Amino acid sequence: MKLHLQNFGPIQEATIDLTRRIYVFVGYNNSGKTYLSQLIWSIFSEDTLQRFAKKVTAIGEVKEQLILSEGLLQAVTTQFAEFIIQDILPEVFNDSRKEFLAHKDLKLDFEFDTEAITQLEVELHYPSLASNGGLLKMVKPQGSMEIEAQNGVPATEQWIDCITRLLFHQTIGQTPLFLPANRIFFPAFYKYLFQLEREDKQRMETEMSRLLRLLQSNTDELQQALEAALEAFQSPYTAPTNTLFNKMYELNTHSVARDYYQDLLKMLGDLLGGEIVLHNVEGLGIVEFRLQLAKQVQHLPMFLASSSVNQLTTLFLYLKYWAEKHNNFLIIDEPEENLHPGNQVKLSNLLLKFATQHNNRILLNTHSPLMVENINNYVYLNILRESTGQDVAKIIQQNRLNIDPDIDLKQEDLGVYFFKRGKVTDLQHESNDFGIHFRDFYKVSREVSNTGKILTDYIDFADDEEDLLD
Numbered sequence: 002m003k004l005h006l007q008n009f010g011p012i013q014e015a016t017i018d019l020t021r022r023i024y025v026f027v028g029y030n031n032s033g034k035t036y037l038s039q040l041i042w043s044i045f046s047e048d049t050l051q052r053f054a055k056k057v058t059a060i061g062e063v064k065e066q067l068i069l070s071e072g073l074l075q076a077v078t079t080q081f082a083e084f085i086i087q088d089i090l091p092e093v094f095n096d097s098r099k100e101f102l103a104h105k106d107l108k109l110d111f112e113f114d115t116e117a118i119t120q121l122e123v124e125l126h127y128p129s130l131a132s133n134g135g136l137l138k139m140v141k142p143q144g145s146m147e148i149e150a151q152n153g154v155p156a157t158e159q160w161i162d163c164i165t166r167l168l169f170h171q172t173i174g175q176t177p178l179f180l181p182a183n184r185i186f187f188p189a190f191y192k193y194l195f196q197l198e199r200e201d202k203q204r205m206e207t208e209m210s211r212l213l214r215l216l217q218s219n220t221d222e223l224q225q226a227l228e229a230a231l232e233a234f235q236s237p238y239t240a241p242t243n244t245l246f247n248k249m250y251e252l253n254t255h256s257v258a259r260d261y262y263q264d265l266l267k268m269l270g271d272l273l274g275g276e277i278v279l280h281n282v283e284g285l286g287i288v289e290f291r292l293q294l295a296k297q298v299q300h301l302p303m304f305l306a307s308s309s310v311n312q313l314t315t316l317f318l319y320l321k322y323w324a325e326k327h328n329n330f331l332i333i334d335e336p337e338e339n340l341h342p343g344n345q346v347k348l349s350n351l352l353l354k355f356a357t358q359h360n361n362r363i364l365l366n367t368h369s370p371l372m373v374e375n376i377n378n379y380v381y382l383n384i385l386r387e388s389t390g391q392d393v394a395k396i397i398q399q400n401r402l403n404i405d406p407d408i409d410l411k412q413e414d415l416g417v418y419f420f421k422r423g424k425v426t427d428l429q430h431e432s433n434d435f436g437i438h439f440r441d442f443y444k445v446s447r448e449v450s451n452t453g454k455i456l457t458d459y460i461d462f463a464d465d466e467e468d469l470l471d
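Note that our numbering has the sequence shown beginning at 2, numbered continuously upward.
I should point out that these hints are in silico values taken from the structure, not numbers from a laboratory.
Below 30 Å or equal to it, Euclidean Cα-Cα: the simulated DSS-like pairs (lysine-lysine) are:
1. Lys421 - Lys108
2. Lys108 - Lys56
3. Lys105 - Lys55
4. Lys138 - Lys55
5. Lys138 - Lys56
6. Lys248 - Lys55
Quick caveat, the model's predicted, so the values are computed rather than measured.
Whenever a hint applies, use it, and build me the whole structure from the sequences.
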């Protein structure tokens with residue numbers, strides 16, 4: 002499945018392959034990387050899929066079998082694209098008045114691959130409407146374009162839900178998590194954000210009460226009240242960021258740790274110099290986050306912890322409390338922020354390890370040449386392993402390479418996109434047998450290196466002249 006975009010924020014044109022396991026967005030500032038990341042978040046959101054299934058009804062007579070004809074798939078993808086534009090984008094980007102994204106030429110459509118769909122093997126379960134209850138099972142065998150329902154006849158909503166999940170390779174109940182670039186402030190100021198949210202809610206209730214009193218009139222005061230109510234209800238954050246806040250708030254009532262990613266938590270703990278713990282004074286107030294330093298009993302408040310600790314706290318919470326065992330999709334904006342270069346490499350190893358196990362996926366927005374070069378090294382490692390059959394573990398050990406031999410990153414699993422001047426280029430088209438060419442980073446690196454060489458040459462030349470004069 003491919004996403005085609007035109008005139009979306011700063012992006013004039015883009016085509017994104019939505020089947021990749023690992024996405025890397027690189028390029029210039031204000032070029033639309035975060036816009037596109039949040040759009041992808043909304044496409045794979047559980048709320049989006051459920052609402053779309055309830056809205057679409059025209060698929061013909063409901064039966065126990067359904068042929069996935071090209072016409073049916075085209076109708077579903079066309080309606081889904083329109084649903085994203087009209088219903089989802091204004092909510093996700095907090096733009097109910099359609100002031101920022103309402104470009105008259107905004108276009109969004111999906112291109113499905115019939116052959117790829119044929120090769121999929123899918124089994125989904127839904128509550129059954131049959132008298133005997135149980136679960137309704139919907140099965141599509143590999144090599145077939147037919148879905149068969151077992152234990153009852155699905156409702157139209159269930160058929161649409163099944164088809165949409167099939168198209169986008171999305172399991173039931175999974176919503177991506179987006180970690181924004183400004184997450185450094187969340188752990189330390191989370192308590193204040195919680196209080197502000199409560200104050201905003203009280204303000205909304207006041208505005209609604211005033212609005213109800215004025216509903217019988219048709220005055221300027223009513224118009225002002227309507228505008229005030231709209232402003233009061235408008236969140237200062239996009240939907241993906243609000244989702245993160247909600248998950249942090251939910252730790253007050255549900256904070257059961259999961260043990261699926263203990264190895265990654267240990268790696269992250271080494272970067273943090275400890276682990277993030279939840280702190281609540283005798284059950285009073287809301288939960289606060291603290292850093293428990295390694296091999297020490299003291300808990301350090303987040304406002305005294307380093308910027309890198311605050312930056313990585315939400316990732317720690319994700320791996321400990323929120324990530325499921327399988328089928329996760331983590332979207333993280335500028336993971337390298339506030340990190341030492343060596344820790345940037347370690348973090349990229351951690352994220353790649355997460356993405357290459359348990360059918361997980363990640364999307365990284367980055368400006369770090371170290372992170373993208375490290376990702377490329379894993380592509381080289383896979384080529385070396387599969388094309389030459391060499392013992393990569395032995396090569397790593399002999400040369401003391403800082404790379405994990407257990408991470409298996411195939412080039413076809415990687416989608417690298419370069420953002421510049423309204424265009425989004427798929428760097429896969431510029432790849433060769435030896436990985437992805439990150440042209441922009443290499444260009445800047447060469448320019449800096451060449452500048453240094455020229456300046457030092459002048460210094461050496463000046464020193465030589467002084468020696469001659471002496």
